[in-house]
Amino acid sequence: MIANPKILVSDLSVSYGRKQVLKDVSLYVPRNSIFAIIGPATSGKTTLLKCINRTLEITPGARSTGCVHIDGEDVAKMRDVYELRRRIGMVFPLPVGLPLSVYDNVAYAPRMAGGWGRAELDELVERCLRQAALWDEVKDRLKTLGTMLSGGQQQRLTIARALSHQPEILCLDEFSIAIDPVTTMRIEDVLLELRKDMTILLVTNLVQQARRLADVTCFLNKGELVQVDRTELIFSDQPGNQVTHDYVHGVFG
Amino acid sequence: MSPLQPSSAPAPAPAPVAPTDPSALFTATDRTRRKLLTQRIAGIVFGAMAAAILLPLLVILGYIFVRALPALDWGFVTGLPEQGMRAGGIWPALAGTAYLVVFSLLVAAPIGVMAGIYLNEFARDNWFTRAVNLAVVNLAGVPSIVHALFGVGAFVVFAGLGKSILAASLTLAVMTLPVIIVATKEALAAVPRSFREACWNLGASRWQVIRTIVLPNSFGGILTGLILEVCRAAGETAPIMFTGAIVFKAVESGQLLPYNPTDQCMALSYHLHTVATQIPGVPEPMLYATAAVLVGFVLVFNSFAIAMRVRLRAKKKW
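These protein sequences, in sequence, are chains A and B. Numbers given in the numbering used here equal positions in the first sequence, counted from 1, plus 94. Numbers given in the numbering used here equal positions in the second sequence, counted from 1, plus 162.
The reader is advised that the hints may include incorrect statements.
Claimed, not checked - With the C-beta cut set under 8 Å, the calculated list includes, among others, these residues of chain A facing chain B:
hint: 1; residue: 152
hint: 2; residue: 156
hint: 3; residue: 188
hint: 4; residue: 190
hint: 5; residue: 192
hint: 6; residue: 236
hint: 7; residue: 237
hint: 8; residue: 238
Keep in mind the hints are simulated off the structure, nothing from the lab. By construction, the Cβ of each residue, glycine as well, lies at the ideal position given by its N, Cα and C atoms.
Given the sequences, and given the hints that come with them, work out the whole structure.
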């Protein structure tokens, strides 16, 4: 345990109805690191992210116990949940372009938060679109509808949107499934760059992506935390846990 | 040995294939033929049903307007009834219907739309929400004559409004509320939940999401509900019969605002009922002309709504 982690998850359990999807998960995420979460389907990866920005509360039928601390503060006790969500950028696997123009998609969060001038906003939108490797493709058609972009472009649009409110924590859930490998590499480079400014949580089914990017990797299986350790160790020949070893080396699954 | 590597043993030479007629390759099998036939029959039958809906509408409209033609002119629309309704025009009834529709819309539209927004956007799934939803469904099923009696008890007598435009409009509003609520809910529910979730993840509040994303994209559906309300309110006779409609009221011909809200008023639907069943010797073209004006009134509102919807659909965003 290091002093002053960015995120501290303690004894977190979540169930949807009768189905338990997270069982007593405890872990911490070091500040300014890339933290990968890997594991097979239904292992609770996405649910873990939802607990961090409290969107679990608006998921029908979800119940949770345990707590999540950000900067030492219990998220459940934060009074302004919208303020909390503005501190966290979220990218979910299914790209959702809002039925607004490309520009308005990226400007949505800052506008809702308020306090942005026109020129500042222009600059912010361009920066976010560049970071999401989308600027070159849309710079001439910022006024087209976000929903009219291709799947991969919409995916990058959601990344730009998640960056638009300058979050302290960026949660990426399968951000690259609709994006070609070359563009993915460009975004990965940006992520390594962004690590200076924020803490990044990366849920991925591509274990090699976790290996390339993450400082720390945790392995979830069926809602239980199997192992969390430095990425080199997780991907070494002897991670200290047979299930982890088999998963990252593709022995099963 | 990998199956991808060529085998070292020579493969047996393929048996010579008889040259086939290329068109034979694409001949439909029995199964395909049956499939296509079923599809064609289904298309014809369902299409006929759709056309069958159009037929009564055209027949009714055509019949009414053709029969009404001799009596239908501007003087009829803006004139006053004369000779005990047997001549003259229907201006007081047309104006009265407009009053009733506008006042009932003023009451029912805000309440209905806001209730619909609450039920679809804010309400949790608990006993209260379920009770309200049940009430809405049941309210929609109550016969209009029962609404009329409720209106007499609640607005005419208890609230002390007397027989008046206000009492009649409120009765119509209560009657049409469920339609507006249901239409609003459906229109909002048609906006994908994923849009809302994406915005919540960006730190937008529920109301911000409703204002910026949900309402702009469900406006057409809500409008349809309101127009349905107008059509129903304009056409109903029973609810206004005991609460505010009157057989005859002298107003100035063509005057734009002839009534006070506390007055009783004439109404097209009630006027039609009166001239058709209560007064002997009304010339037939006048009856049809009255019906034509009522239908025309509704159609004007309808076409306005259709034009709005076409405009909105052209901007469909996903």
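Hint-by-hint comparison with the structure:
no.	hint	result
1	152	holds (6 Å)
2	156	violated (13 Å)
3	188	holds (7 Å)
4	190	holds (4 Å)
5	192	holds (6 Å)
6	236	violated (16 Å)
7	237	violated (13 Å)
8	238	violated (11 Å)
Going down the numbered hints, you'll see the structure goes against 2, 6, 7, 8, while the others check out.
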